[in-house]
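**Q** As a plain string of letters, each chain reads:
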Amino acid sequence: MTLTPSLTGRTRTPRTARRSARPRRARGTWARRAPLLPALVFMIVVTQLPFVGTVAISFMRWNALDPDDRAFTGLRNYQEAVTDPESRSALLTTVTLTVTVVLVSLVLGLALALLLDRRFRGRGIVRTLLITPFLVVPVASALLWKHALYNATYGLINGSLTWLWSLFGSDDPPQPDWLSSLPLLSVEASLIWQWTPFMMLILLAGLQSRPLDAVEAARVDGASTWQVFRYLTFPHLRRYLELAALLGGIYVVQNFDAVFTLTGGGLDTANLPYAVYETFYQAHDYGQASAEGVLVVLCSLLVGSFALRTVSTLLREETR
Amino acid sequence: MAATLAPRTTAPRAPYGPGAAARRRRGALGLLAWLCGVVFFLPVAWMVLTSLHGESDAATNPPSLAAPLTLQGYREFFGASTGVSPWPPLINSLSASLLSTLLVLVLSIPAAYALSIKPVRKWTDVMFFFLSTKMLPAVAGLLPVYLIARDTGLLDNIALLVVLYTSMNLPIAVWMMRSFLAEVPVEILEAASIDGAGLPTVLARIVAPVVAPGIAATSLICFIFSWNELLFARVLTGVVAGTAPVFLTGFVTSQGLFLAKVCAAAVCVSLPVLVAGFAAQDKLVQGLSLGAVK
Numbered sequence: 001m002t003l004t005p006s007l008t009g010r011t012r013t014p015r016t017a018r019r020s021a022r023p024r025r026a027r028g029t030w031a032r033r034a035p036l037l038p039a040l041v042f043m044i045v046v047t048q049l050p051f052v053g054t055v056a057i058s059f060m061r062w063n064a065l066d067p068d069d070r071a072f073t074g075l076r077n078y079q080e081a082v083t084d085p086e087s088r089s090a091l092l093t094t095v096t097l098t099v100t101v102v103l104v105s106l107v108l109g110l111a112l113a114l115l116l117d118r119r120f121r122g123r124g125i126v127r128t129l130l131i132t133p134f135l136v137v138p139v140a141s142a143l144l145w146k147h148a149l150y151n152a153t154y155g156l157i158n159g160s161l162t163w164l165w166s167l168f169g170s171d172d173p174p175q176p177d178w179l180s181s182l183p184l185l186s187v188e189a190s191l192i193w194q195w196t197p198f199m200m201l202i203l204l205a206g207l208q209s210r211p212l213d214a215v216e217a218a219r220v221d222g223a224s225t226w227q228v229f230r231y232l233t234f235p236h237l238r239r240y241l242e243l244a245a246l247l248g249g250i251y252v253v254q255n256f257d258a259v260f261t262l263t264g265g266g267l268d269t270a271n272l273p274y275a276v277y278e279t280f281y282q283a284h285d286y287g288q289a290s291a292e293g294v295l296v297v298l299c300s301l302l303v304g305s306f307a308l309r310t311v312s313t314l315l316r317e318e319t320r
Numbered sequence: 321m322a323a324t325l326a327p328r329t330t331a332p333r334a335p336y337g338p339g340a341a342a343r344r345r346r347g348a349l350g351l352l353a354w355l356c357g358v359v360f361f362l363p364v365a366w367m368v369l370t371s372l373h374g375e376s377d378a379a380t381n382p383p384s385l386a387a388p389l390t391l392q393g394y395r396e397f398f399g400a401s402t403g404v405s406p407w408p409p410l411i412n413s414l415s416a417s418l419l420s421t422l423l424v425l426v427l428s429i430p431a432a433y434a435l436s437i438k439p440v441r442k443w444t445d446v447m448f449f450f451l452s453t454k455m456l457p458a459v460a461g462l463l464p465v466y467l468i469a470r471d472t473g474l475l476d477n478i479a480l481l482v483v484l485y486t487s488m489n490l491p492i493a494v495w496m497m498r499s500f501l502a503e504v505p506v507e508i509l510e511a512a513s514i515d516g517a518g519l520p521t522v523l524a525r526i527v528a529p530v531v532a533p534g535i536a537a538t539s540l541i542c543f544i545f546s547w548n549e550l551l552f553a554r555v556l557t558g559v560v561a562g563t564a565p566v567f568l569t570g571f572v573t574s575q576g577l578f579l580a581k582v583c584a585a586a587v588c589v590s591l592p593v594l595v596a597g598f599a600a601q602d603k604l605v606q607g608l609s610l611g612a613v614k
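Quick note, the sequences are listed as chains W and D, same order. Last residue of the first sequence: 320 (our numbering), numbering continuous. Last residue of the second sequence: 614 (our numbering), numbering continuous.
Keep in mind that the hints are not guaranteed to be accurate.
Covered by chain D, per the in silico footprint, the following chain W stretches (three or more residues, Cβ under 8 Å) [what the hints assert, rightly or not]:
#1 71 to 80
#2 94 to 103
#3 138 to 146
#4 179 to 188
#5 196 to 203
#6 248 to 256
Covered by chain D, according to a simulated footprint, are these stretches of chain W (three or more residues, beta-carbon under 8 Å) [claimed, not checked]:
#7 123 to 132
#8 160 to 167
If you want a taste of the chain W side facing chain D, the calculated C-beta under 7 Å gives, among others [unchecked claim]:
#9 Y154
#10 P176
#11 Y231
Simulated from the structure, these hints should not be mistaken for laboratory data. We put the CB at the ideal spot given by N, CA and C, even for glycine.
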């Protein structure tokens with residue numbers, strides 16, 4: 001689009017005119033770029049430069065408790081971060097947590113979206129009920145799960161168990177301490193509760209954008225519900241599934257609130273963002289915290305490159 | 321699987337006939353949907369109910385559903401016994417979220433214009449640069465930001481949070497606004513400029529009506545994400561600029577009962593997001609999918 005006028009200009013105009021055309025063209029491109037620049041410069045300054053700083057600090061020995069002992073140490077911090085059993089377990093926890101939460105919420109979200117895609121009485125109300133978990137502030141929901149639901153002595157889960165058991169005349173109900181016996185699962189459950197509505201909303205929008213005439217034609221031709229889902233709905237839904245999974249993944253990988261509030265990183269539930277926070281906030285080891293931060297980035301780049309590829313197909317389809 | 325399922329749905333059932341069977345099945349699925357909705361809503365309902373109970377009624381096993389209702393938890397949230405007012409953190413959160421949303425709009429709308437209506441060359445590359453910054457976890461730049469803020473005296477200052485929240489939301493906003501601006505009919509824009517309409521007229525008459533819902537969706541998402549943020553607020557603020565989520569974490573005490581109080585606080589802090597989200601459910605979907613879903 002930018003090329004066409006200049007190309008035609010070059011073939012027609014004599015040399016003198018071409019010389020004067022060049023600054024005008026340059027001015028044209030800069031006029032196009034100008035509205036973009038503030039946002040671009042802002043992002044580079046606020047996100048890229050600090051990361052460069054992190055990379056630089058990651059090669060240094062620097063503990064805030066001993067600020068004068070600052071020196072270049074090469075890859076020492078990385079060596080420590082990789083060999084440290086706590087960082088390794090944080091890496092494993094991040095992977096398990098993200099994969100479990102994203103997959104389970106995706107499946108639940110799909111089931112709920114399929115349920116909500118049909119007409120029934122009070123559909124709007126049910127949709128509102130279902131998205132509520134996503135609208136509770138994450139820290140608030142983590143506090144709610146920790147104290148009002150999981151608490152071993154007066155939490156709602158154990159309270160309901162007592163009540164259920166007493167219905168059958170038993171006064172010896174199981175009263176597990178959920179957060180200490182199943183710490184990671186407890187964190188995952190609260191996150192799944194929070195992220196299922198997100199998946200459902202995107203998948204429901206996908207379902208509702210599906211061409212209905214094809215579905216009706218298939219129905220008339222005698223296709224079963226399963227066949228309609230397998231050959232029409234699912235292929236259409238695929239990119240929505242990918243989009244939901246990847247966007248959800250980006251947010252869950254970086255989750256801090258739930259781990260921080262529910263378990264305080266204890267009992268092997270510390271994920272990488274929490275580990276970085278702890279090294280920085282409690283151990284004051286700036287060098288090591290930075291090395292861990294760089295590792296987090298490398299991990300999310302793995303997820304991110306897949307995400308970018310998916311989103312790029314979306315973008316290509318749109319521009320076509 | 322398809323073969324076994326097909327006869328079941330098409331075969332008439334003797335006493336009811338196919339119509340009745342389908343209607344019953346639809347009714348059952350509707351009931352299931354209601355059940356799921358109630359299950360997902362239950363923790364929130366429990367939070368609200370607990371916030372209205374007295375502390376000793378809130379911490380019983382089995383739960384006392386019919387305990388007398390009281391506003392004591394809310395009075396505690398507003399500092400009845402401690403004298404600590406929740407308004408400074410709430411106002412901090414509100415100003416950080418609103419100001420950063422405003423800044424995001426100011427930066428993202430021109431950028432989206434340069435990525436859709438009069439696109440720069442290689443505009444897709446620019447789009448991916450914006451998105452890739454979202455993949456960069458917040459913790460990765462935390463330390464340099466902290467050190468710079470400490471040395472420039474910006475620690476415990478709302479302005480710092482505004483800048484960081486803007487960087488957190490700007491990529492999403494650029495993507496969303498571009499997808500809305502891409503729907504502005506370019507032929508009409510060209511026709512208008514040939515007819516001598518100036519840029520302000522074009523923006524007000526043609527661009528604004530198409531883009532206004534997009535601005536609403538973008539603002540909603542940016543507001544929610546800024547309001548919810550905890551990590552930066554926790555590390556970079558203290559007593560002066562502490563936000564509502566940070567304030568909320570301080571409600572858990574090691575002694576005594578605090579459940580009703582915490583639930584009341586959680587309800588109050590979540591209320592703005594709940595209201596905004598309920599009021600604009602369709603905008604929420606557009607925003608969450610970066611404008612890919614409309």
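**Q** Check the structure against each numbered hint from earlier and tell me which ones fail, lowest number first.
**A** 1, 2, 4, 10 and 11
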